[in-house]
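Residue numbers (our numbering), protein chains in the order written: chain A, 34 to 142; chain B, 11 to 127.
Simulated from the structure, these hints should not be mistaken for laboratory data.
If you're wondering where the values come from, they're calculated on a predicted model, not measured in any experiment.
Among the clues, some could well be false.
Stated by the list, open to error - Here are the computed distance ranges between Cβ atoms for each label pair:
hint	chain 1	residue 1	chain 2	residue 2	range
1	A	Glu99	B	Thr92	45 to 53 Å
2	A	Gly62	B	Lys65	27 to 35 Å
3	A	Asp100	B	His17	27 to 35 Å
Heads up, the beta-carbon is just placed ideally off N, CA and C, and yes, glycines get one too.
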Amino acid sequence: DAKTTQPTSMDCAEGRAANLPCNHSTISGNEYVYWYRQIHSQGPQYIIHGLKNNETNEMASLIITEDRKSSTLILPHATLRDTAVYYCIVRLPSNDMRFGAGTRLTVKP
Amino acid sequence: GAVVSQHPSWVICKSGTSVKIECRSLDFQATTMFWYRQFPKQSLMLMATSNEGSKATYEQGVEKDKFLINHASLTLSTLTVTSAHPEDSSFYICSAQGLDVVPGELFFGEGSRLTVL
Chain A
34 DAKTTQPTSM DCAEGRAANL PCNHSTISGN EYVYWYRQIH SQGPQYIIHG LKNNETNEMA
94 SLIITEDRKS STLILPHATL RDTAVYYCIV RLPSNDMRFG AGTRLTVKP
Chain B
11 GAVVSQHPSW VICKSGTSVK IECRSLDFQA TTMFWYRQFP KQSLMLMATS NEGSKATYEQ
71 GVEKDKFLIN HASLTLSTLT VTSAHPEDSS FYICSAQGLD VVPGELFFGE GSRLTVL
């Protein structure tokens with residue numbers, strides 16, 4: 034599976050959009066981009082995933098660049114409850130899921 | 011989404027005893043389950059992968075005789091920490107993927123916090 038690079042930490046003001054970047058320059062053609070988050074002392078929570086096209090669901094939007102070497106997770110209106118560690122993972126659906134360090138997002142009032 | 015439940019959510023035990031953690035898929039058949047360990051302020055580390063009815067595959071550095079994994083049915087996998095020691099204290103998390111759910115999507119349990127005294 035391709036390796037990902039994420040910023041260690043980010044801050045965001047409550048009510049504003051949170052944009053979390055992820056670099057995955059070695060991604061292969063069949064690998065998907067998955068985003069999960071982990072709130073303190075809980076199991077990871079699925080957010081969204083995509084292959085080539087941008088995706089949107091009730092939680093977030095995923096923007097994947099045309100060359101697929103990077104992506105951005107967008108939380109449109111961040112709340113205090115969105116404070117968590119966000120993990121960007123690139124993998125084939127048939128493979129296991131391995132976590133990097135992720136980005137610690139802190140939403141501030 | 012599909013639900014994965016872990017039990018117990020926390021456990022305290024004495025050094026030298028064994029502890030069993032259960033992971034259940036409540037509304038889907040889990041063909042594959044994964045076990046992770048997470049130390050404070052660190053990321054999740056994959057310990058092993060188990061497919062229903064077969065032996066688990068352990069990651070390098072994970073002792074298979076210490077961390078016994080059983081995946082006897084499509085809805086249940088267990089992790090037994092044998093002869094636990096204080097250094098085994100950690101947050102253990104399972105995840106599952108399987109039939110009748112989005113291919114490749116993993117569903118995670120709530121985690122089980124083990125403290126060995």
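Contradicted hints - numbers only | Structure breaks hint 3 only.
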